[in-house]
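Enquirer: If you want the building blocks of each chain, they are given just below.
Protein chains: 2
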Amino acid sequence: MENFVFQNTTKIIFGRDTQKEVGRIVKRYTNKVLLHYGGGSIKKYGLYNEITGSLKKEDIKVFELGGVKTNPRLGLVKEGSKICGDNSINLILAVGGGSVIDSAKAIALSALYRGDSMWDFIKGTSKPSKTIPVGVILTIPGAGSESSNVTVITNEEGMIKKGYHSNLIRPEFAILNPELSFTLPLYQVACGSADIIAHVAERYFTKTKYVDLTDRLCEATLKTIIENAPLAIKNPKDYNPRAELMWGSTIAHNDILSTGRIGDWGSHKIAHELSSLYDVVHGASLAIIFPAWMKYVYKRDLDRFYQFAIRVFDIDPCFGSKESIALKGIEKLQEFFKSLGLPVTLKDLDISDDKFDKMADKTMLFGSIGNYTELQREDVVNIYKLAG
Amino acid sequence: MENFVFQNTTKIIFGRDTQKEVGRIVKRYTNKVLLHYGGGSIKKYGLYNEITGSLKKEDIKVFELGGVKTNPRLGLVKEGSKICGDNSINLILAVGGGSVIDSAKAIALSALYRGDSMWDFIKGTSKPSKTIPVGVILTIPGAGSESSNVTVITNEEGMIKKGYHSNLIRPEFAILNPELSFTLPLYQVACGSADIIAHVAERYFTKTKYVDLTDRLCEATLKTIIENAPLAIKNPKDYNPRAELMWGSTIAHNDILSTGRIGDWGSHKIAHELSSLYDVVHGASLAIIFPAWMKYVYKRDLDRFYQFAIRVFDIDPCFGSKESIALKGIEKLQEFFKSLGLPVTLKDLDISDDKFDKMADKTMLFGSIGNYTELQREDVVNIYKLAG
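Which chain is which? The protein sequence lines are A and B, in order. 32 is the number that my numbering gives to position 32 of the first sequence; each next residue is one higher, with no gaps. 42 is the number that my numbering gives to position 42 of the second sequence; each next residue is one higher, with no gaps.
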């Protein structure tokens with residue numbers, strides 16, 4: 001086990017009707033809030049009225065910025081930052097999934113910054129010293145951004161998608177009501193589930209030896225998602241599987257599962273290029289790339305892939321050789337993604353091989369990637385080919 | 001799944017040599033500290049010098065209070081509280097296991113209180129409003145007090161042992177170096193392991209339905225402890241199993257595993273009476289009482305005990321009837337405790353049945369106990385008999 005420091009301060013308020021408390025909760029921080037959201041769905045299903053009603057009941061002045069897209073853009077972050085600055089806003093309330101929360105975190109980073117934008121922090125030319133707190137009402141389980149310390153932003157100049165870590169942007173509170181996910185398109189539920197799986201798996205595939213507890217906690221989370229995601233898609237209004245997915249999304253990414261171990265995150269970076277070039281939803285890009293990455297690297301530590309197959313997919317150890325069991329585990333994961341209605345190859349999205357080189361170049365923009373297996377440009381091209 | 005609020009703010013600093021950072025860490029809070037510890041072991045093995053050296057290097061003034069016993073007493077808490085008050089101390093550094101940390105938390109509760117002592121809070125005649133922060137250097141994995149919001153104190157008047165919960169006493173930071181547990185008596189390692197198991201199991205046995213993720217996280221933690229405790233006892237200087245036990249101790253009791261479910265805690269209360277009357281080490285009392293409790297209540301929800309047997313002890317589902325499998329799981333747990341060198345019956349400690357009535361009376365002092373199964377006085381006597 002590696003030495004580590006772990007602290008996750010986000011207050012989770014989980015369960016039915018919890019969004020109705022938002023006014024009371026926000027009131028502890030401020031009487032002026034930026035309500036940040038995506039498209040029209042929060043208005044369509046009444047959530048917008050419920051939230052603004054609860055805030056206004058507590059005499060909280062509400063500023064608004066909607067329009068966050070999948071793979072949130074720096075342009076909108078700059079706009080939000082200006083609204084916060086112009087109006088001395090001191091809490092951003094993100095209502096949505098990972099994209100909205102990431103956008104809110106990026107605004108929080110920029111709002112009190114005198115330079116150009118938070119992209120300076122990503123480039124490393126400056127460091128944030130102060131942020132505005134972020135609160136969350138989660139509607140899409142998946143990204144785990146509700147209690148993580150990371151934001152992933154796409155810069156329209158060059159369409160570069162990149163993450164930034166800082167404990168300054170970990171949300172103060174996150175309201176998680178699984179009922180708010182009932183009206184999601186089923187494809188989005190599937191994408192979110194793939195994202196949860198990938199967050200755990202990026203931590204699971206590690207070079208660190210003797211990490212029994214976190215291995216088993218990872219396997220526990222994977223098994224829960226694998227069992228509940230199909231149920232959540234089959235019965236969209238059944239609270240129970242939605243609750244497992246929503247809490248699973250947070251657990252997968254609140255860093256408990258990575259304590260004492262170094263994750264890989266290569267697949268995430270390779271998948272990001274599908275999103276930034278083709279606007280593929282993050283979870284869908286992972287459903288394509290993660291199994292391809294697994295096939296490319298499994299020989300690096302056969303024991304770990306064997307353990308994954310045996311413990312997560314209950315493959316019978318008598319099934320065959322260690323390698324065939326390891327490969328069976330990868331196949332099972334790919335079948336699982338497929339069963340959720342997700343693409344599992346680039347062909348499924350009509351993406352040809354003509355931009356593999358460009359995508360690999362962009363993946364390597366900030367140097368070699370991965371930790372479980374360090375990957376160079378050529379490896380990345382090979383993984384795109386395996387995903388073809 | 002039940003609605004819940006979860007927040008655990010303790011900063012964990014985990015790994016080799018981390019205690020050497022204590023001066024630098026404490027300095028962020030204060031320049032005056034009460035160093036609180038138990039017997040002489042921290043002096044015997046050099047830890048005392050290491051800590052005081054690190055604190056003094058940062059010009060931190062160190063006051064001291066040693067002498068915390070297993071099942072920490074209110075008398076010493078009052079003494080600590082007076083030292084803090086007299087010297088305007090504003091951080092208590094607990095160096096030890098659960099007893100020392102619990103004692104430090106109780107001092108933290110009392111130090112700024114103008115009434116008699118923190119026992120008023122336990123009685124419910126008063127409520128704490130302000131506390132002194134607590135920091136921890138953990139030497140014994142087990143109690144999980146290093147990041148929990150609870151303290152268990154024994155009042156010498158009537159030898160009443162009772163817990164008190166408050167987020168005000170959750171430690172600010174906890175330094176966890178598994179190497180500091182290398183010199184522990186092996187019996188103490190065994191007791192700590194039983195305590196970890198019981199903390200998870202008290203959460204696992206719940207009436208709450210559809211708690212897949214936390215069920216599996218509990219099972220993951222149990223399996224890890226069951227695998228690693230024997231190794232930690234066999235090879236006391238092997239870092240790896242000690243690290244699994246130490247992080248397992250925190251995970252078992254930091255409340256992640258109880259999110260969305262209501263635990264039982266009846267066994268803890270029944271076991272407390274063995275400690276307060278016979279001064280049995282907490283973990284040993286649980287190794288006796290928990291299996292007895294299981295035998296008494298398993299019919300309440302056979303499916304859950306069956307699941308425990310199958311998933312935690314890998315009992316073959318073909319072993320026999322659901323009931324026989326459930327019973328096999330209980331037997332396996334008892335065998336496990338025995339294999340660690342723990343007592344598993346009251347006879348093993350030469351405790352006869354002559355005080356069962358008195359113990360049951362004291363257990364019920366604050367009303368009926370348990371949630372998975374609510375227990376009355378007669379049930380408690382029966383459980384003592386089963387443990388006989």
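A hint or two may mislead.
As the list claims (entries may be wrong) - Straight-line alpha carbon distances no greater than 30 Å define the calculated DSSO-like cross-link-like pairs of lysine-lysine that follow: (1) A:K322 - B:K27; (2) B:K78 - B:K43; (3) A:K162 - B:K43; (4) B:K332 - A:K11; (5) A:K209 - B:K358; (6) B:K332 - A:K209; (7) A:K234 - B:K207; (8) B:K20 - A:K223; (9) A:K223 - A:K338; (10) A:K27 - B:K130; (11) B:K78 - A:K209.
Hint data in this document are derived by calculation from the structure and do not stem from the laboratory. Fair warning: this is a prediction, and the values are worked out from it, not measured in the lab.
Enquirer: Now tell me, hint by hint, if it's right for this structure.
Expert: Against the structure, the hints:
1. Of the supplied pair hints, the one linking K322 of chain A and K27 of chain B is violated, its CA atoms being roughly 52 Å apart against a limit of 30 Å.
2. With a CA separation close to 24 Å, the supplied pair K78 of chain B and K43 of chain B stays within the 30 Å bound.
3. Using a Cα cut-off of 30 Å, the hinted pair K162 of chain A and K43 of chain B is violated, with the two alpha carbons roughly 50 Å apart.
4. Restraint check for K332 of chain B and K11 of chain A: not satisfied, since their Cα atoms lie roughly 38 Å apart, outside the 30 Å limit.
5. A distance of roughly 50 Å separates the Cα atoms of K209 of chain A and K358 of chain B; the hinted pair therefore is violated under the 30 Å criterion.
6. A distance of roughly 28 Å separates the Cα atoms of K332 of chain B and K209 of chain A; the hinted pair therefore holds under the 30 Å criterion.
7. Using a Cα cut-off of 30 Å, the hinted pair K234 of chain A and K207 of chain B holds, with the two alpha carbons roughly 26 Å apart.
8. Under the criterion of a C-alpha separation no larger than 30 Å, the hint pairing K20 of chain B with K223 of chain A is inconsistent with the structure, at around 39 Å.
9. A distance of roughly 17 Å separates the Cα atoms of K223 of chain A and K338 of chain A; the hinted pair therefore holds under the 30 Å criterion.
10. With a CA separation close to 22 Å, the supplied pair K27 of chain A and K130 of chain B stays within the 30 Å bound.
11. Proximity of K78 of chain B to K209 of chain A is assessed by CA-CA distance (about 46 Å); at most 30 Å being required, the pair is judged violated.
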